[in-house]
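Model the full assembly from the supplied sequences, consistent with the hints where possible.
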Amino acid sequence: MRNLLPILTVVAAIFVFWYAAAVVLNAPWAKDKAQRAGVELGFSELVSDTWSQDKPKLPAPHQVGAEIWKTTGAMVAKGRAFSKRSLIYHSWVTFSSTALGFLLGTALGIALAVGIVYNRTMDMSVMPWVIASQTIPILAIAPMIIVVLNAVGISGLLPKAMISMYLSFFPVVVGMVKGLRSPSGMQLDQMRTWHASSSQEFWRLRLPSSMPYLFTSLKIAMAASLVGAIVGELPTGAVAGLGARLLAGSYYGQTIQIWSALIMAATLAAILVALIGVLQRITLKKMGMAQ
Amino acid sequence: MNIVSAQNLSLTFQTNDGPVHALKDVNLDVQKGDFVSFIGPSGCGKTTFLRCMADLEHPTEGTISVNGMSAEDARRKRAYGYVFQAAGLYPWRTIGGNIRLPLEIMGYDKADQDARVSRVLELVDLAGFEKKFPWQLSGGMQQRASIARALAFDADILLMDEPFGALDEIVRDHLNEQLLHLWERTNKTICFVTHSIPEAVYLSTKIVVMSPRPGRISDVIDSPLPRERPLDIRDTPEFLEIAHRVRDGLRAGHGDDV
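Chains B and R are the protein sequences, given in the same order. With numbering that gives the first Met the number 0 as the guide, the letters of the first sequence map in order to residues 0 to 290. With numbering that gives the first Met the number 0 as the guide, the letters of the second sequence map in order to residues 0 to 257.
Treat the hints as calculated values from the structure; they're not laboratory data. Keep in mind that this is a model prediction, so the values were computed, not measured. Some hints here could point you the wrong way.
Have a look at the derived ranges for each label pair, beta carbon to beta carbon [as the list claims (entries may be wrong)]:
(1) B:Ser197 <-> R:Asn15: 27 to 33 Å
(2) B:Lys284 <-> R:Met0: 46 to 52 Å
(3) B:Lys177 <-> R:Met0: 44 to 50 Å
(4) R:Asp113 <-> B:Val272: 57 to 63 Å
Virtual Cβ for every residue (Gly too), placed ideally from N, Cα, C.
Here it is as structure tokens:
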């Protein structure tokens, strides 16, 4: 708990900065309103107005907090946790395509890495394409993927998951290639002296050696997956998901809604990455590698 | 019977700076039950020669036979156990699990594996450490575990590449003594690469002195010392005489470039 104080200090600093920024950014509108009403605003009135506007340029933290509570906790209390107005529902929608995309991306990433490590042709040819794939702006390719998949009759969760997969397989490929190649020449020679088969070498040496690399990659892949899922909800006219909430918020100038969806997305990412961290600690401990 | 037999063995590495003659016209026979040490300065090809026996390097000229067959066949038949400079234990396996690793690969059944693991742990004086992880052991203990791993399966030959090179002298003396006991009890043929003259003389029945550029054998000394060797044999005149001859051989091989 000795790092609690530094963390709280940083959080407090962020809040101070945020409130101050809200005053500065929302003041013109408050002054404008006051002028039209012919009222003179004192400093405290100005501040309280900038922190309580309906459509502020930058909503104050407590406004975002209240909106999040209204769309999560309060909905749960009313027994409508999964209604279309609930952020829990939208988070769930985004989470399901994130999770599916993450699983697909991890599987694809590991498969490609195994291919690259074991097959010389793939070693020479695949990596440039993998890197090129990440230089294409995801926002440009996302609608294409959805349109193409729709044309062949695939809709719903899978197209969004494909976009998540597209972003998340990359860190897994890079990490796993490095991980599977991490055994030293001596360890590989040792396997040769025992006349071990390639599959024995893979399961008993290369795969266990790659575990620390895998988990690091998975954390990055999970975050990328979430970005992919949200991006996948933006251009498609999706009606559900955090991405759809962001888009709807920006159509109607509902800045508070946008910010609460953003905070929700950040929280979701933090939880998912932390879950991988827990999984990593359990696995490495079981393998005797956590000292 | 010749366990290892090399005839006119040469190995040339092609590098950017031109060919490097790691081994040149090496001829050597190792008899069953021998303890052979290979000694020489870096670059004399002693490790390369050991790796040729293990089929980890492929000679460019000449032939080498191990256990009466080609080195490759010997490797496929798992005719030897190889101990590397570093213990190379898998950090995610316990000591027992590490020793079991080659047994799993070679398809020994479960009960046999257990019996062998406890037998070799006993042999290297590590009984009771089966459930420990490598990082819980000292460097010397780890190296003993790696020797146990090479002893666990039925190989008559033990190839050791400077196994004690990274350990301090006190631990090294102790392990040398243990290794001699082990050799006596298991009746294996051991090929042992080392930098240390006392180590080579103390352990071996046959000392092969090698010299660099190109890597070749400059002297083969059959040790007159008895097989039973307490540590203080190193103070006897016979021991010192052999050590002297090894040193002469090393000096002669070096020529003027030292």
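Hints, one by one, checked against the model:
1. B:Ser197 <-> R:Asn15: 27 to 33 Å: For Asn15 (chain R) against Ser197 (chain B), whose Cβ atoms are near 31 Å apart, the range 27 to 33 Å holds.
2. B:Lys284 <-> R:Met0: 46 to 52 Å: holds, 51 Å
3. B:Lys177 <-> R:Met0: 44 to 50 Å: holds, 47 Å
4. R:Asp113 <-> B:Val272: 57 to 63 Å: violated, 42 Å
Consistency note: the structure conflicts with earlier hint 4 alone.
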